[in-house]
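J.: From first to last, the protein sequence lines are chains G and Y. Counting from 1, one number per residue, gives the positions in the first sequence under our numbering. Counting from 1, one number per residue, gives the positions in the second sequence under our numbering.
Read the hints as simulated data drawn from the structure, not as lab findings. One or more hints might be untrue.
Said to hold, decoys possible - To give a feel for the contact side, a few chain G residues facing chain Y, derived at Cβ under 10 Å:
id	residue
1	Ser-11
2	Val-14
3	His-29
4	Ser-47
5	Leu-49
6	Arg-52
7	Phe-57
8	Ala-58
9	Ala-74
10	Val-129
11	Leu-133
12	Asn-135
13	Ser-143
14	Arg-191
15	Asp-242
Just so it is clear, the structure is predicted and the values come from calculations on it, not from any experiment. Backbone N, C-alpha and C define an ideal beta-carbon position, used for all residues, glycine too.
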Amino acid sequence: MDCNDVTRASSSYVDGELDAAAVAALERHLEGCADCRLGVEHQRELSQLVRRGAQRFAAPGHLAGRIGAALDAAKGDARVVPLRRAAWRPLALAASFVLAMILSSGATWLVAAYDRQDRLTQEVVSSHVRALLSNRMIDIASSDQHTVKPWFSGKLDLAPPVRDLTTAGFPLVGGRLDYVGQRPVAALVYRHNQHVIDLFILPGDAAPGVAPPATSRQGYALRRWRDGGMTFWAISDLAPEDLDKFELAVRAPAN
Amino acid sequence: MTDDSRTRRFERLALPHLDAAYNLARWLMRNDHDAEDAVQDAYLRAFNYFGSFQGGNFRAWMLMIVRRCCYDGLARNRPTELVSVEDIDALAAGAEPLSDASRVDDPERALLRRADAALVNELIAELPPPFREVLVLRELHDCAYREIAEIAAIPVGTVMSRLARARKLLQRGMKRRLKKDDGNGL
Ligand SMILES: [Zn+2]
Numbered sequence: 001m002d003c004n005d006v007t008r009a010s011s012s013y014v015d016g017e018l019d020a021a022a023v024a025a026l027e028r029h030l031e032g033c034a035d036c037r038l039g040v041e042h043q044r045e046l047s048q049l050v051r052r053g054a055q056r057f058a059a060p061g062h063l064a065g066r067i068g069a070a071l072d073a074a075k076g077d078a079r080v081v082p083l084r085r086a087a088w089r090p091l092a093l094a095a096s097f098v099l100a101m102i103l104s105s106g107a108t109w110l111v112a113a114y115d116r117q118d119r120l121t122q123e124v125v126s127s128h129v130r131a132l133l134s135n136r137m138i139d140i141a142s143s144d145q146h147t148v149k150p151w152f153s154g155k156l157d158l159a160p161p162v163r164d165l166t167t168a169g170f171p172l173v174g175g176r177l178d179y180v181g182q183r184p185v186a187a188l189v190y191r192h193n194q195h196v197i198d199l200f201i202l203p204g205d206a207a208p209g210v211a212p213p214a215t216s217r218q219g220y221a222l223r224r225w226r227d228g229g230m231t232f233w234a235i236s237d238l239a240p241e242d243l244d245k246f247e248l249a250v251r252a253p254a255n
Numbered sequence: 001m002t003d004d005s006r007t008r009r010f011e012r013l014a015l016p017h018l019d020a021a022y023n024l025a026r027w028l029m030r031n032d033h034d035a036e037d038a039v040q041d042a043y044l045r046a047f048n049y050f051g052s053f054q055g056g057n058f059r060a061w062m063l064m065i066v067r068r069c070c071y072d073g074l075a076r077n078r079p080t081e082l083v084s085v086e087d088i089d090a091l092a093a094g095a096e097p098l099s100d101a102s103r104v105d106d107p108e109r110a111l112l113r114r115a116d117a118a119l120v121n122e123l124i125a126e127l128p129p130p131f132r133e134v135l136v137l138r139e140l141h142d143c144a145y146r147e148i149a150e151i152a153a154i155p156v157g158t159v160m161s162r163l164a165r166a167r168k169l170l171q172r173g174m175k176r177r178l179k180k181d182d183g184n185g186l
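So that you can see chain G by itself, here it is in the shape it has in the complex (with noise of 0.2 Å):
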């Protein structure tokens, strides 16, 4: 190797991409050639310095959501077809026979409002698995109710409520725009410990209330409820009864 191989080689040198011969061959120059020496230096140095000054652009926390409605969508609205589930069908149709007797009329309606909230609690966990997998659950980072509430004005045609709840024990670590039903939502996120809680805030008219209040799935546990025209959802991995002292402190009033 001359001193133009060298300089050629020397960045695929510097990566550790060159093979075992090549790599020998331009060592064996490196020892006789000051000039080269310093060349590879410098490669060393202007990768060093590539890594630690440029950008590691982080995916924004909505973007997971915004692609799982995206995928939700695509998918067509096979979904939307009653009764699909199968680990529902029972209790659905347990409801409609009950109302059937009582209305005969209702009972559609009531076994449509069971699959779109049962639809609804599955969208609400899905969403947050994703944020979960994506490691990215949050667009604005503050325990401050003030910087929060503020940051979704604007993204949303409701005004969710923000309250920091360190005092009850579930810190307000910050918030982001999630999507729950293909619709943009407010997600706010809590810690208990090295728990992490969100809480979906949608429109009133997202949730009829029919489906139990607390439930879980797929090892979250989950609590809805509704207050002030909007719907709350509560999901985190917490045990049950700390989702419920959470719930709690998100219902009491404001002091």
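Assemble chain Y with the ligand onto chain G, guided by the hints.
T.: Okay, now just chain Y with the ligand, sitting in the frame of chain G:
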């Protein structure tokens, strides 16, 4: 159920790479909005072709699709940014030999040590996409040359020459800028 479990399997594999996908897209598209569009496009495409994924390196497969979507986005909206790769490689191979700029004396080295993060970011962003992407994949994603070859759909030999060329361009840009700043300061 099959639809849902397929979606979930895909999400479990693909979403952990969301940051990597976004970083590559953001460097190629150079703004948040277009980067998000490209990544969403890529995830939809990846989901549709998920059946054709043969196993192996999922990150490289995913980043290959992200890159493809970025180039499609650029071709659609900003075609002037897509310099012909053939032109660039010809330039790299011919007119300007690699040798001189890689050879540095000590004053020049001292000059480069003054380069700050802002300048580094600016100069990477100014590189033509074929050079920008190999540099970003190598230095920020820590990809092996073989992976870069897979993602950018070029031979490993081309990865080597483009990366060397990218670094040379960067180095030259820094020298030029820092010397100019010195000139202005006087
Ligand atoms: Zn030499």
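J.: Run every hint past the structure and note whether it holds.
T.: Evaluation of the provided hints:
Of the supplied interface hints, the one on Ser-11 of chain G holds, with its beta-carbon coming within about 4 Å of a beta-carbon of chain Y, less than 10 Å. Restraint check, Val-14 of chain G versus chain Y: the minimum CB separation of about 9 Å is within 10 Å; hint holds. Hint status for His-29 of chain G relative to chain Y: violated, with the closest Cβ pair at about 14 Å, above 10 Å. Look at Ser-47 of chain G: its Cβ gets to within about 6 Å of chain Y, closer than 10 Å, so that hint holds up.
Taken as an interface hint, Leu-49 of chain G checks out: its beta carbon lies about 6 Å from the nearest beta carbon of chain Y, inside 10 Å. Taking 10 Å as the C-beta contact cut-off toward chain Y, the hint placing Arg-52 of chain G at the interface holds, the least distance being around 7 Å. Interface restraint check for Phe-57 of chain G: the shortest CB-CB distance to chain Y comes to about 4 Å, inside 10 Å, so the restraint holds. Interface restraint check: Ala-58 of chain G against chain Y, minimum CB-CB distance 5 Å, threshold 10 Å, status holds.
For the restraint placing Ala-74 of chain G at the interface with chain Y, the shortest Cβ-Cβ distance is roughly 6 Å, inside the 10 Å limit, so the hint holds. For Val-129 of chain G, the shortest C-beta to C-beta distance to chain Y is roughly 7 Å, which falls under 10 Å, so the interface hint holds. Restraint check, Leu-133 of chain G versus chain Y: the minimum CB separation of about 4 Å is within 10 Å; hint holds. The closest approach between the C-beta of Asn-135 of chain G and any C-beta of chain Y is roughly 7 Å, which is under the 10 Å cut-off, so the hint is satisfied.
Interface hint at Ser-143 of chain G: violated, since its Cβ lies 23 Å from the closest Cβ of chain Y, which is beyond the 10 Å cut-off. Because the smallest distance between the Cβ of Arg-191 of chain G and any Cβ of chain Y comes to about 21 Å, over 10 Å, the interface hint for this residue is violated. Against a cut-off of 10 Å between C-beta atoms, the interface hint on Asp-242 of chain G is violated, since the closest Cβ of chain Y lies about 26 Å away.
Violated hints, in rising order: 3, 13, 14, 15; the structure is consistent with all others.
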